Amino acid sequence: MKKLNMSFTLIALLLALLLAGCSLDAPSDPTGQVNDPGPADASTPYVAIGNSLTAGFMDSGLMKAGQANSYPMIVATQMGLNKDTFTQPWVEFPGIGTTTKGIPGGMVAGVLHYNGSTVIPRGLTPSDEVAGLLLAVTQPTQYHNLGVPGAFSSDLMNAYSAGSSYGVNLGSPNTFFEFINRAGPMVGLFKNVEVPPNAPAPGYQTGSQFYQVIAKGPALATAWIGGNDFLFGATSGEPIGHPAITSAAVFAQNYGGFLGSLAGGLAGRNGFPTPIIGATLPLVRNIAYFLDRTTFDAVFGALQLTFEEADAEYILFTDFLGSDLPTTPGGELPAAMTLDTAEVAYLDTEVIGAYNAAIEGTFEMILGTGDVDIGMLPIVDFNAAMDDLRAENPGAARHFLFHKITNPTGSIADWAASTYFSLDGVHPNNKGYAFVANAFLEKINQVTGSSWAQVPVDAFVWDPTYGAPIPSNAARGGITKLSPEVVEAMRMSYR
Amino acid sequence: MQKRITCTLLVAGLLILGSGSALASGFSIYEAGSKATALGCAFTATADDGSALFYNAAGLSFMTGSRAEVNAVFVAPQFSFSGKLSKTDPYTSTGEAEDKVYPVPGVYYTNNPGGKIAFGIGVYAPFGLGVVWENGEEWVGRRISHDVQIETVYVTPALSFKVTPELAIAAGVDIAHQNLNLKKFSPEPQSGENAIHTEIDGSSEINLTPSLGLMYRPNEKISLGVMYHFKKTMKFEDGDATLEPVAPGNDPWGDTLVGALGKDQKLNADLNLPDILSLGIAYRFSEKFKAEFNYVRFGWSAFDKLSLNFENDALDQTIHFNYEDSWQLRFGFDFQASEKLNLMAGYVHDKSPQPLVAVSPLLPDSDRNDYSIGAMYKAGKWDFNVSYMLVVGDERTNIENGEPVRNTTDYPFGSYKSLANLFGVGIGYNF
Numbered sequence: 035m036k037k038l039n040m041s042f043t044l045i046a047l048l049l050a051l052l053l054a055g056c057s058l059d060a061p062s063d064p065t066g067q068v069n070d071p072g073p074a075d076a077s078t079p080y081v082a083i084g085n086s087l088t089a090g091f092m093d094s095g096l097m098k099a100g101q102a103n104s105y106p107m108i109v110a111t112q113m114g115l116n117k118d119t120f121t122q123p124w125v126e127f128p129g130i131g132t133t134t135k136g137i138p139g140g141m142v143a144g145v146l147h148y149n150g151s152t153v154i155p156r157g158l159t160p161s162d163e164v165a166g167l168l169l170a171v172t173q174p175t176q177y178h179n180l181g182v183p184g185a186f187s188s189d190l191m192n193a194y195s196a197g198s199s200y201g202v203n204l205g206s207p208n209t210f211f212e213f214i215n216r217a218g219p220m221v222g223l224f225k226n227v228e229v230p231p232n233a234p235a236p237g238y239q240t241g242s243q244f245y246q247v248i249a250k251g252p253a254l255a256t257a258w259i260g261g262n263d264f265l266f267g268a269t270s271g272e273p274i275g276h277p278a279i280t281s282a283a284v285f286a287q288n289y290g291g292f293l294g295s296l297a298g299g300l301a302g303r304n305g306f307p308t309p310i311i312g313a314t315l316p317l318v319r320n321i322a323y324f325l326d327r328t329t330f331d332a333v334f335g336a337l338q339l340t341f342e343e344a345d346a347e348y349i350l351f352t353d354f355l356g357s358d359l360p361t362t363p364g365g366e367l368p369a370a371m372t373l374d375t376a377e378v379a380y381l382d383t384e385v386i387g388a389y390n391a392a393i394e395g396t397f398e399m400i401l402g403t404g405d406v407d408i409g410m411l412p413i414v415d416f417n418a419a420m421d422d423l424r425a426e427n428p429g430a431a432r433h434f435l436f437h438k439i440t441n442p443t444g445s446i447a448d449w450a451a452s453t454y455f456s457l458d459g460v461h462p463n464n465k466g467y468a469f470v471a472n473a474f475l476e477k478i479n480q481v482t483g484s485s486w487a488q489v490p491v492d493a494f495v496w497d498p499t500y501g502a503p504i505p506s507n508a509a510r511g512g513i514t515k516l517s518p519e520v521v522e523a524m525r526m527s528y529r
Numbered sequence: 057m058q059k060r061i062t063c064t065l066l067v068a069g070l071l072i073l074g075s076g077s078a079l080a081s082g083f084s085i086y087e088a089g090s091k092a093t094a095l096g097c098a099f100t101a102t103a104d105d106g107s108a109l110f111y112n113a114a115g116l117s118f119m120t121g122s123r124a125e126v127n128a129v130f131v132a133p134q135f136s137f138s139g140k141l142s143k144t145d146p147y148t149s150t151g152e153a154e155d156k157v158y159p160v161p162g163v164y165y166t167n168n169p170g171g172k173i174a175f176g177i178g179v180y181a182p183f184g185l186g187v188v189w190e191n192g193e194e195w196v197g198r199r200i201s202h203d204v205q206i207e208t209v210y211v212t213p214a215l216s217f218k219v220t221p222e223l224a225i226a227a228g229v230d231i232a233h234q235n236l237n238l239k240k241f242s243p244e245p246q247s248g249e250n251a252i253h254t255e256i257d258g259s260s261e262i263n264l265t266p267s268l269g270l271m272y273r274p275n276e277k278i279s280l281g282v283m284y285h286f287k288k289t290m291k292f293e294d295g296d297a298t299l300e301p302v303a304p305g306n307d308p309w310g311d312t313l314v315g316a317l318g319k320d321q322k323l324n325a326d327l328n329l330p331d332i333l334s335l336g337i338a339y340r341f342s343e344k345f346k347a348e349f350n351y352v353r354f355g356w357s358a359f360d361k362l363s364l365n366f367e368n369d370a371l372d373q374t375i376h377f378n379y380e381d382s383w384q385l386r387f388g389f390d391f392q393a394s395e396k397l398n399l400m401a402g403y404v405h406d407k408s409p410q411p412l413v414a415v416s417p418l419l420p421d422s423d424r425n426d427y428s429i430g431a432m433y434k435a436g437k438w439d440f441n442v443s444y445m446l447v448v449g450d451e452r453t454n455i456e457n458g459e460p461v462r463n464t465t466d467y468p469f470g471s472y473k474s475l476a477n478l479f480g481v482g483i484g485y486n487f
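First to last, the protein sequences are chains A and B. Residue 35 is where the first sequence starts when you use our numbering, and the numbers rise one by one after that. Residue 57 is where the second sequence starts when you use our numbering, and the numbers rise one by one after that.
By construction, these hints were calculated from the structure, which means they are not laboratory data. There could be a bad hint or two in this list.
For lysine to aspartate or glutamate, the following DMTMM-like pairs were computed, each having C-alpha atoms within a straight-line distance of at most 25 Å [claimed, not checked]:
{"no.": "1", "chain 1": "B", "residue 1": "K156", "chain 2": "B", "residue 2": "E194"}
{"no.": "2", "chain 1": "B", "residue 1": "K407", "chain 2": "A", "residue 2": "D407"}
{"no.": "3", "chain 1": "A", "residue 1": "K117", "chain 2": "B", "residue 2": "D311"}
{"no.": "4", "chain 1": "B", "residue 1": "K361", "chain 2": "B", "residue 2": "E261"}
{"no.": "5", "chain 1": "A", "residue 1": "K515", "chain 2": "A", "residue 2": "E366"}
{"no.": "6", "chain 1": "B", "residue 1": "K437", "chain 2": "B", "residue 2": "E194"}
{"no.": "7", "chain 1": "B", "residue 1": "K156", "chain 2": "A", "residue 2": "D59"}
{"no.": "8", "chain 1": "A", "residue 1": "K98", "chain 2": "A", "residue 2": "D118"}
{"no.": "9", "chain 1": "A", "residue 1": "K117", "chain 2": "B", "residue 2": "D257"}
{"no.": "10", "chain 1": "A", "residue 1": "K135", "chain 2": "A", "residue 2": "E476"}
If we take Cβ atoms under 10 Å as the criterion, some of the chain A residues that face chain B in the derived model are [claimed, not checked]:
{"no.": "11", "residue": "S57"}
{"no.": "12", "residue": "T65"}
{"no.": "13", "residue": "M191"}
{"no.": "14", "residue": "N304"}
Here are some of the chain B residues that sit facing chain A, going by a computed Cβ distance under 8 Å [said to hold, decoys possible]:
{"no.": "15", "residue": "S142"}
{"no.": "16", "residue": "V219"}
{"no.": "17", "residue": "T220"}
{"no.": "18", "residue": "N237"}
Bear in mind that the values here come from a model prediction, so they are computed numbers and not experimental data. Note that CB positions come from ideal geometry on N, CA and C, so glycine has one too.
With the hints as extra help, turn the sequences into a complete structure.
Okay, here's the thing in structure tokens:
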């Protein structure tokens, strides 16, 4: 019996030992064995960051027809992506436009169109139904096209709603942030990126464009930023000292801060240095909103007009068409309708030239290249591209209504095919965006070693009528009178 | 009196029915009795208690009189993980399965009146799985599974026929029922946040297949045994699938998808269970010491996939497992310490049927080594068993040539470890 008790004691002891000893450790972290991630491992191939130019804004509004031709959509299509794999915040007809004056109360104007005699909104939507135009409301966020019309450089890091947008400082909060920056809560998803402390409850208003692009973790990002930091000042005709022009020093700070954070954030998120393609800004006088003095004199010389700014070099073309001057021989163009020598120099050098220098300098600093030719950098030089385009095809940078005047026997299709700009004179049309996309594709191929094909620009056809019925006697050349409201909408097209 | 004891034992046994957890490779549970567990379940050539209904029903012919027996093997499995969701995931995540104890039953009645025929009936649970990951909502593998439970109960009545004094053959019917419960999260595709929680819950139809046994004891020293249980296809009809938006009203993606797909669904599925073959030899080295070796083969290639057919075809899904046939080597040692006390030990090498590509949060399987000890104490008509088994799974890493074997954003990659403590008790009454 004693022997038995001993045996039991032994067994019990053994059991107790085993019970105490047999628990599981966490396995050692094996993830160091894994090859470094590369672009193929990124969660998404491509994301575009920017403003209206990136969103596919066209004819003073955001609508699916323009969005389908946004340069990021064209680039993505050439990369083999489609509308499901490259998402945009699609907006239904008649779009969300910028015309506010002269619109009945409680209504929001759509995109502008040419109706055979003038330019007016293509349709109106009751304000409380505007949200319903956002076709992608049930579409997962964040969008791959993170172009927010009206975004300033300071919005990139900070804005996630109308109330947090830079537009608040200018008296017009930017509601496009409400539509586009509507990602779900990112808390806990990327522990190194905090949602801004004042972020409201989950819903439409969440992360800024910066947070959203980090959340996406793309293998490739393009960023075309800065146009709105001078556009409103430039289209006022009196840019010097204009409150809506961001100083070059502040722009450099915003741009450098954003791009540095983006490069670091994406590298951390993806585990590999992620290519980011930037772009310079064209001199604003080169866009169709402005008409050079020599050409203006050649076309409108018979009117014997005088200039308040005697040394006016550029005329705000749509402002001119919105005034009585085209039918008032001997009239005078006010200072607000022209850019004089000092204003052109200010914009060229102190604003846009300085912005472009900041863009170039930021890339040189981040990549550690030192001072090199811009062609060596991952920057699309749209400033140079616009100069080249004007030299090779001057009509491409002139307004649809200019072609209507100078080619009076032509058709609507002829005038539309002659320009790369949409009716607002600021944003490209289908051809223009194809031109922009080709420039990005060329640079993407250079930077990433890919060989995505470019697109035939002439195959991109813009219809400024948006399918509106045109009276048979309407398609004639000559001067088109624009209403002051429409001119205002074109000027305000950042909003 | 005898009847009452038998009934009490059987009722006690039935009360512990109905749970399971993987502790042999795949999701087999080879521990049908406490004594067998102590012997590393190398029991096909011995099969001298009620668990013979599983290990080899031909053993019934070499038992005498009637016997009622209740066993409970308490299985405490542990799983842990360390890895990442994808190569671009900047953070390494770890995970652990919740500490749970699953009681596995073994309730038997056997009768050998002494003639040519012996019979018995047993209730046991040869297949089961329970992996519940802690913090399911955050667990890095939650898109595959954060909670899986499979419970399988067999009721096997069998007859054994003594062909000669040395040879017996047996046949039985494995009457099986299975419960299946899977839970997982589906993410909103862009943000990766949990959007939909899905639970699948099903109860199979009753399935019947034969089982066979053979035992040959040419002399006092040697015993040879063969056991075979047939492959089964468990049919699930009208199972319930429940889809819930995780943040109703705050997540249009989840709301829209659940609205479109349907919140409550019926589903059908077939789940194959492998056939089991065991070949055993036992040798009595001395009056007091006996050893047994079993080679066990599982036809796990039957478990190639699980097709879930939902009411809404858009949800139909096939989970591929691609298991391969596998084998186990089982060794058992029985030492008679005294007239009343036997001390036992065992060792098992268990080859995983799971290919590396199928290693997942649902079941991170691996090759295992099991170590067992136990004791049996006889007191008159009663006997009492205690057993302990330690199951040590090899660490398994689903990375090959520097690449995750499954490079998707659903399956995490990294290393899994597993271990299980098994505690068995058994009470038998002979009459």
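Here is how each hint holds up against the structure:
The suggested pairing of B/K156 with B/E194 holds, with an alpha-carbon distance near 19 Å, which does not exceed 25 Å. For the hint linking B/K407 to A/D407, the alpha-carbon distance of about 63 Å lies beyond 25 Å, and the restraint is violated. The hinted pair formed by A/K117 and B/D311 meets the criterion: a straight-line CA distance of about 22 Å does not exceed 25 Å. Using a Cα cut-off of 25 Å, the hinted pair B/K361 and B/E261 holds, with the two alpha carbons roughly 19 Å apart.
Under the criterion of a C-alpha separation no larger than 25 Å, the hint pairing A/K515 with A/E366 is consistent with the structure, at around 17 Å. For the hint pairing B/K437 with B/E194, the CA-to-CA distance comes to about 54 Å; that exceeds 25 Å, so the pair is violated. Of the supplied pair hints, the one linking B/K156 and A/D59 holds, its CA atoms being roughly 16 Å apart against a limit of 25 Å. Under the criterion of a C-alpha separation no larger than 25 Å, the hint pairing A/K98 with A/D118 is consistent with the structure, at around 15 Å.
A threshold of 25 Å between alpha carbons decides the hint, and for A/K117 with B/D257 the separation of about 37 Å lies outside it, so the pair is violated. Note on A/K135 and A/E476: the hinted pairing is violated, with a Cα-Cα distance of about 41 Å set against a maximum of 25 Å. Because the smallest distance between the Cβ of A/S57 and any Cβ of chain B comes to about 7 Å, under 10 Å, the interface hint for this residue holds. Taking 10 Å as the C-beta cut-off, the interface hint given for A/T65 holds, the closest approach to chain B being about 5 Å.
Interface hint at A/M191: violated, since its Cβ lies 19 Å from the closest Cβ of chain B, which is beyond the 10 Å cut-off. Because the beta carbon of A/N304 sits about 5 Å from the nearest beta carbon in chain B, less than 10 Å, this interface hint is met. With its C-beta approaching chain A no nearer than about 7 Å, B/S142 sits inside the 8 Å limit, and its interface hint holds. About 39 Å separates the beta-carbon of B/V219 from the nearest beta-carbon of chain A, more than 8 Å, and the hint is not met.
The beta carbon of B/T220 is not positioned within 8 Å of any beta carbon in chain A (closest approach about 38 Å), and the interface hint is therefore violated. For B/N237, the interface hint is violated, since its Cβ never comes within 8 Å of a Cβ in chain A; the closest pair sits about 24 Å apart.
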